[in-house]
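Number of protein chains: 2
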Amino acid sequence: MPHASQPAARLGRRVEPFDLNAYVARACREVDRALDRFLPSEKTKPATLHKAMRYSLFAGGKRMRPALVLAAADACGGSWKDALPMACAVECIHTYSLIHDDLPAMDDDDFRRGKPTNHKVFGEGVAVLAGDALLTQAFEILARSGGSSRHGHRDLVLELARASGSLQLIAGQVADLEGEGKKLPLSELRYIHERKTSALLCASVKLGGMSANATSAQLKALKDFGYNVGLAFQIIDDILDVTQTSEKLGKTAGKDTAAQKLTYPSLLGLEKSRREAARLTRRAFAALRSFRGKAVALEALADYLLRRDR
Amino acid sequence: MPHASQPAARLGRRVEPFDLNAYVARACREVDRALDRFLPSEKTKPATLHKAMRYSLFAGGKRMRPALVLAAADACGGSWKDALPMACAVECIHTYSLIHDDLPAMDDDDFRRGKPTNHKVFGEGVAVLAGDALLTQAFEILARSGGSSRHGHRDLVLELARASGSLQLIAGQVADLEGEGKKLPLSELRYIHERKTSALLCASVKLGGMSANATSAQLKALKDFGYNVGLAFQIIDDILDVTQTSEKLGKTAGKDTAAQKLTYPSLLGLEKSRREAARLTRRAFAALRSFRGKAVALEALADYLLRRDR
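In order, the protein sequence lines correspond to chains A and B.
The opening residue of the first sequence carries number 1 in my numbering; numbering runs sequentially from there.
The opening residue of the second sequence carries number 311 in my numbering; numbering runs sequentially from there.
Hints were generated in silico from the structure; no laboratory data involved.
Please note that the accuracy of each hint is not assured.
If you anchor each label on the Cβ, the simulated ranges turn out as follows [to be verified]:
# : chain 1 : residue 1 : chain 2 : residue 2 : range
1 : A       : LYS45     : B       : GLY579    : 22 to 30 Å
2 : B       : GLY433    : A       : ARG190    : 22 to 30 Å
3 : B       : THR553    : A       : VAL242    : 56 to 64 Å
Quick reminder that beta carbons are idealized off the backbone N, C-alpha and C, glycines included.
Start from the sequences and build out the full structure, keeping to the hints where you can.
Rendered as structure tokens:
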């Protein structure tokens with residue numbers, strides 16, 4: 001869990017202490033409650049499918065993307081009530097992508113967040129379908145949201161569909177799959193990270209902004225923020241895979257090395273990778289300047305994501 | 311391919327001959343052209359993914375669902391131009407569901423439409439992702455459509471998401487998977503068929519109607535039509551699996567029997583199954599009465615679907 005921090009202070013401004021722990025805990029509670037409302041119960045037929053969807057959705061994820069959605073809504077003066085459907089939709093997309101990525105035909109992972117992966121519990125067939133159902137559910141949730149006066153359902157659906165589609169999120173996974181065991185240049189690794197991680201983080205903050213009726217200048221700032229935080233986040237993920245234990249990560253550590261996956265540490269070394277992550281985080285902070293202190297939650301989240309150790 | 315027919319004449323009305331062959335051929339051409347425009351080219355990175363998506367999308371499918379979308383738009387006085395995005399979205403959903411259903415962890419099919427299945431050509435990992443990408447693409451296409459004055463993007467996305475979600479299309483596939491080798495009652499078989507087939511056929515005609523600004527009475531009639539045609543269609547699929555060769559079907563025949571799948575013929579016998587399909591088709595025709603002769607294309611399609619031999 002994140003710790004209380006004053007990230008804006010690092011930029012030379014005096015700010016009230018911001019309790020990120022409390023903020024994230026409240027976000028998790030609200031998101032979990034909303035997801036529980038949006039999803040059919042475990043008893044709803046077909047029970048196996050709904051159990052499988054809920055198993056991964058409530059497996060103890062950090063809810064980082066939903067927290068970013070809500071924090072972006074806060075930065076734009078919106079309400080959590082309006083932003084919650086977007087937060088839930090993004091988390092459904094994230095969870096589906098993990099279920100499918102963990103499949104034997106892809107990353108072949110047995111553990112995720114300290115628990116057996118979806119296909120280990122429910123079998124491959126149901127795991128594929130639970131992923132499909134969560135992906136579909138994401139769009140249903142968006143359609144059931146209120147939208148905002150500037151941004152209707154068309155904008156919301158386009159934003160999420162593009163970020164999760166064949167040119168972004170799925171493109172990243174394909175390139176990752178095809179890059180295994182190959183020596184690729186840094187530009188290709190960046191291509192993968194931008195798509196596997198930045199794309200959905202960008203969409204998260206933009207959707208949060210859209211729920212709060214954000215101006216196009218605000219959306220542009222949120223996009224820059226999401227892009228840089230996303231890249232930094234993925235570089236740190238690569239670093240943690242090398243430096244941490246499986247127990248701490250709640251998933252198999254050292255998988256990247258074992259799979260001969262291209263990572264920032266394998267290309268640049270640990271120290272340079274850490275510096276690159278810090279540089280990207282500074283750029284993310286810079287993107288928030290136009291919010292003039294209203295983006296405290298986004299700043300605190302970015303700061304935490306850089307310093308996390310799991 | 312369908313033959314020229316005068317289905318309305320069977321209901322005792324005198325009508326102009328309707329050339330279903332020409333209608334379906336024109337629909338296929340227009341839908342193929344629109345799909346080609348909506349989808350990234352085969353050269354667009356990641357090329358493997360876009361090749362895989364296009365491989366199954368352009369594998370010679372009968373385009374029955376898109377034809378139903380366009381025919382429903384015609385029945386409601388709409389234009390093909392407005393209905394084409396809905397037709398393409400529905401075909402993307404249908405194609406994704408086939409790619410995933412054919413996977414070794416599900417129906418484990420090597421052939422589809424006379425060609426090797428997606429995972430046989432591109433491998434399981436890419437096949438899962440190509441399915442995911444087509445599912446996502448469907449919602450992007452809907453969002454890029456014009457909607458209509460009565461039915462905005464919210465209605466369109468809700469309609470497609472519900473029909474393809476965990477309570478309908480995917481529910482049918484899960485129940486089908488879980489029912490293998492089990493002796494289930496007719497009600498359970500009906501549950502599966504309603505979800506695996508009727509749900510998306512209902513959504514097809516409703517989306518076509520929505521593109522044409524249909525009234526709620528028209529949408530209700532289209533839904534009844536889609537439901538009954540869908541059930542009839544699936545019963546006939548079951549019958550053809552028993553009575554036709556793999557060569558004729560373009561997919562492995564006798565699979566249902568081999569997999570000990572519950573089917574209408576296995577429960578009711580061939581003759582009773584044929585009578586049930588005919589009864590449902592009559593109900594589908596009855597649902598079209600309120601269109602007062604404007605639903606000729608829908609009538610011709612339903613008539614063809616009952617008499618088809620592949």
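Hint-by-hint comparison with the structure:
no., hint, result
1, A/LYS45 / B/GLY579: 22 to 30 Å, "holds, 28 Å"
2, B/GLY433 / A/ARG190: 22 to 30 Å, "holds, 25 Å"
3, B/THR553 / A/VAL242: 56 to 64 Å, "holds, 60 Å"
When each numbered hint is compared with the structure, no violation occurs for any of them.
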